[in-house]
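**Q** Sequence order for the protein chains is D and F. Just so you know, the first sequence maps onto residues 910 to 1069 in my numbering. Just so you know, the second sequence maps onto residues 25 to 640 in my numbering.
Hints are computed from structural coordinates only; laboratory data are not their basis. Incorrect hints may have been included.
Said to hold, decoys possible - No farther apart than 20 angstroms at their CA atoms in a straight line, the calculated lysine to any residue pairs in the SDA-like style are these:
1. D:K1059 to F:P603
2. F:K624 to F:Q600
3. F:K601 to F:I623
4. D:K1009 to F:I627
5. F:K340 to D:K1013
6. D:K1046 to F:A66
7. D:K1003 to F:Q478
8. F:K340 to D:E929
9. F:K580 to F:T593
10. D:K1003 to F:D477
11. D:K1046 to F:T288
12. D:K1059 to F:C625
13. F:K88 to F:K118
14. F:K633 to F:P429
15. D:K1013 to F:T288
16. F:K340 to D:V956
17. D:K1003 to F:Q520
18. D:K1013 to D:S1055
19. F:K509 to D:F974
20. D:K960 to F:K340
21. D:K1046 to F:K88
22. D:K1009 to F:Q478
23. F:K611 to F:A589
24. D:K932 to F:K601
25. D:K976 to F:H281
26. D:K1003 to F:P603
27. F:K621 to D:K1059
28. D:K1009 to F:C625
29. F:K340 to F:H281
30. D:K1046 to F:G64
31. F:K633 to F:K494
32. F:K494 to D:F974
33. D:K1003 to F:K580
34. D:K1009 to F:K340
35. D:K1003 to F:K354
Stated by the list, open to error - Derived DEER-like restraints, expressed as beta-carbon distance ranges:
36. F:P106 to D:E1016: 45 to 53 angstroms
37. F:G521 to D:D1006: 51 to 59 angstroms
38. F:K601 to D:R964: 53 to 61 angstroms
39. D:S1069 to F:S299: 27 to 35 angstroms
40. D:S966 to F:T115: 35 to 43 angstroms
Glycine included, each C-beta is placed from N, C-alpha and C at the ideal position.
Residues per chain are reported as follows:
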Amino acid sequence: MRSKIDIDWKQIDEIILRYENDKEALLMIMQDISDIYNFVPPEIVPVLAEKLGVRKSHIFSVATFYKTISLVPRGKFIVHVCTGTACHVRGAEKVMDALKADFKTQEGGTTTDGLFTLEGVRCIGCCASGPVMTVNKETHGGLDRSSALKVIENYRNISS
Amino acid sequence: MAKLQNREALEKLRNSLQAKSQKSQKLISLCAGSGCGAYGTAKVHTVLQEELAKHNLQEKVQVKLTGCHGFCEKGPIMVIHPEGVFYPQVTPEKVPDIVKTTLIGQQLVDKLIYKDPVTKKKISHEHEIPFYKLQKRIIFGNNGLIDPTSIDDYIAVGGYAALTKALFDLTPQDILSEIKKSGLRGRGGGGFPTGIKWESCRRHEGQRYVICNADEGDPGAYMDRSLLEGNPHSVIEGMIIGAIAIGSNDGYVYVRHEYPLAVTNLTMALRSARSLGLLGKNILGSGFDYDIRISRGGGAFVCGESTALMSSLEGKPGRPRAKYVHTVEKGFREGPSNLNNVETWANVPVIINQGAAWYAGIGTEKSKGTKIFSLVGKVVNTGLVEVPMGTTLRQIIFDIGGGIPKKKKFKAVQTGGPSGGCIPEQFLDLPVDFDELSKVGSIMGSGGMIVMDQDTCMVDVARYFVDFLKDESCGQCNPCREGLKNMLDILTDICQGRGKEGDIDLLEELGMMMQKFSLCGLGTSAPNPVLTNILYFRHEYEAHIRDKKCPAGICKPLFHYEIDAEVCTGCHVCFQKCPQEAVAGDKKKPHSIHQDKCIKCGICYDGCKFDAIKIC
Ligand SMILES: Cc1cc2nc3c(=O)[nH]c(=O)nc-3n(C[C@H](O)[C@H](O)[C@H](O)COP(=O)(O)O)c2cc1C
Ligand code: SF4
Ligand code: SF4
Ligand code: SF4
Ligand code: FES
Ligand code: FES
Chain D
910 MRSKIDIDWK QIDEIILRYE NDKEALLMIM QDISDIYNFV PPEIVPVLAE KLGVRKSHIF
970 SVATFYKTIS LVPRGKFIVH VCTGTACHVR GAEKVMDALK ADFKTQEGGT TTDGLFTLEG
1030 VRCIGCCASG PVMTVNKETH GGLDRSSALK VIENYRNISS
Chain F
25 MAKLQNREAL EKLRNSLQAK SQKSQKLISL CAGSGCGAYG TAKVHTVLQE ELAKHNLQEK
85 VQVKLTGCHG FCEKGPIMVI HPEGVFYPQV TPEKVPDIVK TTLIGQQLVD KLIYKDPVTK
145 KKISHEHEIP FYKLQKRIIF GNNGLIDPTS IDDYIAVGGY AALTKALFDL TPQDILSEIK
205 KSGLRGRGGG GFPTGIKWES CRRHEGQRYV ICNADEGDPG AYMDRSLLEG NPHSVIEGMI
265 IGAIAIGSND GYVYVRHEYP LAVTNLTMAL RSARSLGLLG KNILGSGFDY DIRISRGGGA
325 FVCGESTALM SSLEGKPGRP RAKYVHTVEK GFREGPSNLN NVETWANVPV IINQGAAWYA
385 GIGTEKSKGT KIFSLVGKVV NTGLVEVPMG TTLRQIIFDI GGGIPKKKKF KAVQTGGPSG
445 GCIPEQFLDL PVDFDELSKV GSIMGSGGMI VMDQDTCMVD VARYFVDFLK DESCGQCNPC
505 REGLKNMLDI LTDICQGRGK EGDIDLLEEL GMMMQKFSLC GLGTSAPNPV LTNILYFRHE
565 YEAHIRDKKC PAGICKPLFH YEIDAEVCTG CHVCFQKCPQ EAVAGDKKKP HSIHQDKCIK
625 CGICYDGCKF DAIKIC
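Produce the entire structure from the sequences given, and follow the hints as far as they go.
**A** Structure follows, in structure tokens:
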């Protein structure tokens, strides 16, 4: 699944420019890059270092500190199962277990077909509708094992 | 939009907006907050527009997509003003009926009226619903009345009037003393007096920064999200007033990347405030400059801590530093920095508008005003509730929240998130404020209130928080890093049946060590969920350790399900639902469970209508 991706360098330049090459905006720049590729391709790091005037090691330390940033490729759909307290007491673990079994992977893992990456997230602020999960930018609430699997099935169908 | 040059121009705009809004006879407020959005507000909105067009009602009926109304569980929520007719769980299919019957026919659609889950009575108007009736929404109330993307809406309900007062009628000193007199304390959890913090920041020379903490890391709490999404201008207005009082021209909102709608609405609000001359250079022709930028955090709980937040704002990893020097003296970029929580900021315009005396009349002796709580977990009515400080836990959970669902028993309420604790039944009549809950070992915190019922295992809850904190600890100091790791190992052992005598004492010792020697608030408060839990639910720990039993039926190695043959009606539901084919039995005859096939998923237990399945 690890096909080399083509990076649109013009787009990367635009993102950096949007933040006026400000090194304080490093995290946001990486988040915007993640929004395009679902991760920060490591070949971008030297470019970032040069344009922002920081060391590469600084970029790696920021990238590894914040959970929203990944330096390894993630699936087409990033599934975030909320494991916040409100969702936890309503059975989020059962949803997580069901998806682990369905994806045949652990938390943080990606399905072999490269379609789904499973991650836990500590609260997305939809606590009244728990257990909840997001698939890329869409939120699904009131889940249990079977409804969560149904949601996933829908994404599988639209992408096949 | 042309910039408003002075306060008169703002008042003129306000008058014309108010006159315009009086023209339409009806206002439909449709919630487009994150909660309702997830249930499909967008589709409802499309159909609503079509139906209104079909009946030629666009002129007479105004539709507003608003922020969160607080009752997210019942979303999408629709309220028809001026009467306040309330329709929960509105789907596109229900819209034509509502338009025809309620908007045109002036009648209620009987089958769509809200039914109170406790009394089973139908209640048609928002203000009569127990969930809303007992609240006092001085901060959150405008959420249901304004479109957060429209600065006009905010101005029409009186927005930026406090700002003009602060700019033209009051001196910075007046504002400081007004905030001090109001008794406002920080809503981010610590409860530090806001006026005193502002004053000490003002005392330090240099480029000062006025910053808003919208990191909202407490899992299970979302009031900051809903305020920023639903009424961003109230936070902006509060920050500008703070900047005037403190003497700052530069501001930031640090908001979680996980809150995309809040980021969008805030970005839009900042832009429109700037274009009207309410933000930026020479605000309303007063000569005062202040602008706000957004910084998006990256999902790290510790970044909510003030020094870590400022380090993150500087584009670095968010690691806390020792606070020998306070951030009001040296914070962001080494400048004097004043940090307040979203809700704290939203209180400021209200205080300036209504006066400190009025504000100090609400709440308890040392905790003034209202507090928004995120009432979630095992409670009938879940959502955001705003009540005066001093309201009791019982009033919040039972009168507003409607108690525990499915006739289960209340066990505890967790307040204060990962820095707080679990409060048992005997303290339900405690008034909730900054001081009372600390007396029983928890804290009010930022407003998370997670209700737990008999099916919640308290050891598992402690393990949950420690696991959370271990992941979130920045790891730079030993007591926190190693303490949490050890605690997690012990708690995991207890939950899996490997608990030993002495484990409880060890947990307590570790906890005390962490409280004393950790560098930042994360580590010093991390043992709280464990220690209060041991204090009130020691018997559950002992059951796990000595009897190797999990009485709540959560820790899988420590229980199994059995069907009580006397009670089982043979309805066959569990047989059909079990994913493992672990249930045996013929219809109308008592069923039984093959223990070797059962994975303890709990589907049968949750699904049996006759309570025939027991935890053993
Ligand atoms: C580990 C940790 C996490 C925190 N998270 C938050 C948070 O998410 N939001 C917040 O407003 N305050 C948080 N705080 C409190 C802040 O450090 C700070 O006290 C607060 O933002 C000050 O604002 P206030 O006085 O208006 O409450 C946290 C503190 C600690 C120790
Ligand atoms: S107490 Fe924990 S989170 Fe705070 S500085 Fe130490 S290791 Fe980091
Ligand atoms: S669902 Fe309950 S009553 Fe029905 S067969 Fe199963 S155990 Fe018996
Ligand atoms: S707990 Fe799950 S696996 Fe076990 S009998 Fe019940 S439904 Fe089947
Ligand atoms: S706890 Fe799951 S969304 Fe908040
Ligand atoms: S999001 Fe609609 S009521 Fe909260």
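**Q** Can you let me know if the beta-carbon spacing of D:S1069 and F:S299 is within 27 to 35 angstroms?
**A** violated (46 angstroms)
**Q** Holds or violated: F:K580 with F:T593, Cα cutoff 20 angstroms?
**A** Roughly 26 angstroms between the alpha carbons, so the hint for F:K580 and F:T593 is violated.
**Q** Has the given pair, D:K1009 with F:Q478, been kept, meaning a C-alpha gap of at most 20 angstroms?
**A** Cα-Cα ~27 angstroms, so violated.
**Q** Decide if the proposed pair is consistent with the structure: F:K340 and D:V956, CA atoms, cutoff 20 angstroms inclusive.
**A** holds (18 angstroms)
**Q** Does the Cβ distance between D:S966 and F:T115 fall inside 35 to 43 angstroms?
**A** violated (53 angstroms)
**Q** When you check the alpha-carbon spacing of D:K1059 and F:P603, does it fall within 20 angstroms?
**A** holds (15 angstroms)
**Q** Quick one, are D:K1003 and F:K354 close enough, alpha carbons at most 20 angstroms?
**A** violated (46 angstroms)
**Q** Given the hint that F:K340 pairs with F:H281, does the C-alpha gap stay at or below 20 angstroms?
**A** holds (16 angstroms)
**Q** Within a Cα-Cα threshold of 20 angstroms, do D:K1009 and F:C625 meet the stated pairing?
**A** holds (14 angstroms)
**Q** Straight-line Cα separation of D:K1046 and F:T288 no greater than 20 angstroms?
**A** Roughly 13 angstroms separates the two Cα atoms, so the pair holds.
**Q** Do the alpha carbons of D:K1003 and F:D477 lie within 20 angstroms of each other, as the hint requires?
**A** With Cα atoms ~18 angstroms apart, D:K1003 and F:D477 stay inside 20 angstroms; holds.
**Q** Are the Cα atoms of F:K621 and D:K1059 separated by 20 angstroms or less?
**A** violated (24 angstroms)
Of the hints listed earlier, those the structure fails to meet are numbers 5, 9, 15, 21, 22, 24, 27, 31, 34, 35, 37, 39, 40, in rising order.
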